[in-house]
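K.L.:
Residues per chain are reported as follows:
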Amino acid sequence: MEKFTTHTGIAAPLKRSAVDTDQIIPAVYLKRVTKTGFEDALFANWRQDPAFVLNQPAYQGASVLVAGPDFGTGSSREHAVWALRDFGFHVVLSSRFADIFRGNAGKQGLVAGVVSESDIEAIWAAIEAEPGISMTVDLQALRATIGDIEVAFDIDDYTRWRLLEGLDDIGLTLRDEEKISQFEARREAWRPRTLPVP
Amino acid sequence: MSNPDVSGIPDRPRTLAEKVWDDHLVVKGEDGQPDLIYIDLHLVHEVTSPQAFDGLRAEGRPVRRLDLTIATEDHNTPTLDIDKPIADLTSRTQIETLRRNAAEFGVRLHSLGDKEQGIVHVVGPQLGLTMPGITVVCGDSHTSTHGAFGAMAFGIGTSEVEHVLATQTLPLKPFKTMAITVEGDLKPGVTAKDVILAIIAKIGANGGQGYVLEFRGSAIRSLSMEGRMTMCNMSIEAGARAGMIAPDDITFDYVKGRDHAPKGQDWEDAVAYWRTLPSDEGAVYDAEVYLDANELEPFVTWGTNPGQGVMLSDVVPTPADIADPNERAAAERALEYMDLVPGTPLKDVPVDAVFMGSCTNSRIEDLRAFASVIEGRTKADGVHVMVVPGSARVRLEAEAEGLDKVFTDFGAEWRFAGCSMCLGMNPDQLAPGERCASTSNRNFEGRQGKGGRTHLVSPLVAAATAVRGTLSSPSDLDPIPAHAATETVEA
Ligand code: SF4
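Just so you know, the protein sequences line up as chains A and B, in that order.
The first sequence begins at 390 in the numbering used here and counts up by one.
The second sequence begins at 46 in the numbering used here and counts up by one.
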C-alpha cells in the first residue's frame, strides 16, 4: 500500500444522504473476480443521468468526494471502495460513514474523513461558487482546505497511522505469529472443525 | 474459557458480547491499537473471496486453518436448471474461480448440486458448525445471523477475508453494546421478522451503528432458533456490527446431534461453558432500548431503507409530517421511487410478485409458515410467487414433508437453493416498476432488480399477500372451507 500524506485534487459534491453500497456499486458488478477495473461501475445507475454531478465537465478527474451523511451504508462489499478508488477518488468526506465501509476504505488507502455537517455545507457552497475548484487534504494535520475555507476532519488514529506509513495489515499481524500459535494451543476441543481432525 | 494469557480483562459484570470477545483475545491492543481477535469459523462464498485468494497467491501465503474454513456457492447460483452450465458468463466465472481456489488451497467447498450447498448463513447452523461462544466471520454483512446462537458473528470486507485466511485473526476495536429488551407475548401471526422490522423502524437504519445488539427479554427467549436467526440476521439493517442472543436450552437442543456439534465429553464441556455466557447481573450496556411485545403487529416497509417501515394496518406516511429534514427528504425520494401516495392504506397496495426466501427467512420453519397460510387457498391472479429454500438440505426436508406440493398446487414456483431474488445476481430479478412482497432483508433501490420495488415482510404476510394480491396478513383472509383446512395459524 502506498503512503498517504497529502492529497490535492478536484472536489465533487454529492449532495445526497445515506448513499448506500448498492448505489455506489450495483450488485451486478460484483461478479468480477479482479481487484481493479471497477471505475465504470461507480454510481452506475446514477451516471446514466447526464445531469448527475460526476457527469458534469467541471468535475472530470475529481478525486475528493464530498458527500451527505451516512455514506456507505448497506452491504460489506469492499468493491464500493475499489470502485471509488479506480474512478480516481483518494478521499471521501462525510459527516457520518457506515462502519464497514470506513474500515474497508482504510485498508485500500482511501481516506474516509469525518467532517461536521456544517463544514460539509460550507465545502459544498465553496464548490458551487467555483465548480472544479481543488481541495487539499492533509492527513498529517487532519485539515482539509478549499478556497479560503479550512476544516478539520477526523479519522481514527490507527487507520491514520497505517495510511501514513503505508502498512499492510497481514504483515503487521504476522509479527504476532507466536501469540497466535499460543492461543491455538489452548483452544478447547469442542470448538467447531470444518474438516475431520487428522 | 478464562483467558489467562491475556491481561487486561476487566473484573466486573460483563455482557455476553464482552465475554465472547475477551475469550478470543490473542493480543490486547494498547494505546488505541485494535485488539487481535481469534476467529473460530470462517465462512466463504464466491462473491467476496476471489480477490482474497488472489492476495494470498501474490504473497505466497497458505490458508492458515483449513479446518476452520468452509465455502459454499450461493449468491450467483441459478435456482432453475442447476444441472446445466450457468448461462451468465460472469456468474459462471465467479463460481468457477471459487472452485479453482478451493481446490488449489484445499478449502472444503459445497458446490451447486451438492446436498450441503446453500446460502452460507443457512449452511453453517444446519451443519452444527455455528455454536455458542465462538467467533464467526464471512465476507457478507448478514453474518450477524449466527449471533442467534450466542456467537460473535459479523461481516467483513474482502481484505479482511484475506487477513483471516492468512492469519485466522482480525485486528479489531471492541464494539459498543446495546441491549434491546422485548418483554411480553407476541400476538398470533406476529413473528420474529415483525419484531426486528419494528426495532429497526424504532431505532432507525443507522441506530445500531458501531454496536453489537443483544436481544433479550421474554419475547426473545420464547422464539425458536430459526426465529432468533431472523432477528440477528437483520441487525445489520439497523446499522449494527452484530446481533446476539444469550444461549439457552433452546440453543443447545438445536445444536445437539448435528454433524459438527461436539460429542461426548466435548459436548459436556461445551455446555458447561456455554451456560456461563449470558450477560451477568449488573452488566452495563452502552445503550438500552425497550419494546413491548404485546403491542407489536405484522410490519411492512414502505420505503427504500429497512428503517422505513410501519404496521401493516397503517397507511403510507406523509413526508411533511417528518420533522428531521434529512429523513423527510429521504422519505420523499423513497415514495417517489416506490410510487406510493401518502395516506394510502398499505393493505390496498397491490403487488406483482412474492419472494419467499433469503437468509432472513428460508429455513424450514419459514417454509412451513408460508405453506400453512396458502394451503387450500388460491393464488391471486397475475402474482408471480417464488419459493426459494435456503439450502439444498432445506429443500429436501420440505419435500419430505410434502411442502413442495403445497407450493406448486398453489401456483408458486419451487426453486433450488440460493440467494436468488434477495439481490438478483442470478436471473431471478424484478422487472423495472414491479412491486414485490419479499421475505428478504433489504429494500434498497434496485436491490431485487433495476427499478424493482421491495416491501419487506414476514413469511406469513408474504403468503397472505400471495393469496389476496395486495399486502395482507393472514387475518385478512377468508377462512378456508372446513374440509380443506389443516393447521390454522391465525384465528
Ligand atoms: S440471501 Fe441475500 S442477504 Fe442473505 S447472503 Fe444471500 S444475498 Fe446476502
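Hints were generated in silico from the structure; no laboratory data involved.
Idealized CB from N, CA, C, for every residue including glycine.
Please note: incorrect hints may appear among the correct ones.
[Said to hold, decoys possible] Okay, the calculated beta carbon distance ranges per label pair: (1) ASP438(A) x ARG266(B): 45 to 53 Å; (2) SER267(B) x GLY536(A): 33 to 41 Å; (3) GLU372(B) x ASN444(A): 25 to 33 Å; (4) ASP429(A) x GLY309(B): 53 to 61 Å; (5) GLU228(B) x ASP438(A): 42 to 50 Å; (6) ASP429(A) x LYS73(B): 51 to 59 Å; (7) GLY477(A) x LYS73(B): 53 to 61 Å; (8) GLU506(A) x LYS218(B): 23 to 31 Å; (9) ALA368(B) x GLY536(A): 43 to 51 Å; (10) ASP523(B) x SER505(A): 55 to 63 Å.
[What the hints assert, rightly or not] Some but not every residue of chain B turned toward chain A, in silico, with C-beta under 8 Å: (11) VAL72; (12) LYS73; (13) GLU75; (14) PRO107; (15) LEU111; (16) SER156; (17) ILE201; (18) PRO216.
[To be verified] Residues of chain B placed beyond 10 Å of chain A at every Cβ, according to the derived structure: (19) ARG320; (20) ALA374; (21) ASP521.
K.L.:
Would you mind marking each hint as holding or not holding in the structure?
P.N.:
Hints, verified against the model:
One distance hint, 45 to 53 Å for the beta-carbon pair ASP438(A) and ARG266(B), holds here, with the actual separation near 50 Å. Taking 33 to 41 Å as the suggested C-beta distance range, the pair SER267(B) and GLY536(A) does not conform, at roughly 60 Å. As the Cβ distance of GLU372(B) to ASN444(A) is approximately 28 Å, the hint placing it in 25 to 33 Å holds. In this structure the supplied range 53 to 61 Å holds for ASP429(A) paired with GLY309(B), their Cβ-Cβ distance being about 56 Å.
Taking the beta carbon of each, GLU228(B) and ASP438(A) are about 48 Å apart, inside 42 to 50 Å as hinted. A hinted range of 51 to 59 Å is violated for the C-beta pair ASP429(A) and LYS73(B), which are about 44 Å apart. Our hint of 53 to 61 Å for GLY477(A) and LYS73(B) is violated, since their Cβ atoms are close to 39 Å apart. At roughly 24 Å, the beta-carbon separation of GLU506(A) and LYS218(B) lies within the given 23 to 31 Å, and the hint holds.
With their beta carbons about 33 Å apart, ALA368(B) and GLY536(A) fall outside the hinted range of 43 to 51 Å. A beta carbon spacing of about 56 Å between ASP523(B) and SER505(A) agrees with the range 55 to 63 Å that was offered as a hint. For VAL72(B), the interface hint holds, the least distance from its beta-carbon to any beta-carbon of chain A being 5 Å, beneath 8 Å. A cut of 8 Å between beta carbons decides the hint on LYS73(B): the least distance to chain A is about 10 Å, and the hint is violated.
About 11 Å separates the beta-carbon of GLU75(B) from the nearest beta-carbon of chain A, more than 8 Å, and the hint is not met. For PRO107(B), the suggested interface contact is broken, since its CB lies about 12 Å from the closest CB of chain A, more than 8 Å. With its C-beta approaching chain A no nearer than about 6 Å, LEU111(B) sits inside the 8 Å limit, and its interface hint holds. This hint is violated: SER156(B) has a C-beta 15 Å from the nearest C-beta of chain A, more than the 8 Å allowed.
Taken as an interface hint, ILE201(B) checks out: its beta carbon lies about 6 Å from the nearest beta carbon of chain A, inside 8 Å. The interface hint given for PRO216(B) is met, as the beta carbon of that residue sits about 6 Å from the closest beta carbon of chain A, less than 8 Å. Non-interface call for ARG320(B) relative to chain A: holds, since the shortest CB-CB distance, roughly 13 Å, exceeds 10 Å. With a minimum CB-CB distance of about 7 Å to chain A, ALA374(B) fails to clear the 10 Å threshold, and the non-interface call is violated.
The non-interface label for ASP521(B) is consistent with chain A: the shortest C-beta to C-beta separation is roughly 32 Å, beyond 10 Å.
In this structure, the earlier hints numbered 2, 6, 7, 9, 12, 13, 14, 16 and 20 are contradicted, and the remaining ones agree with it.
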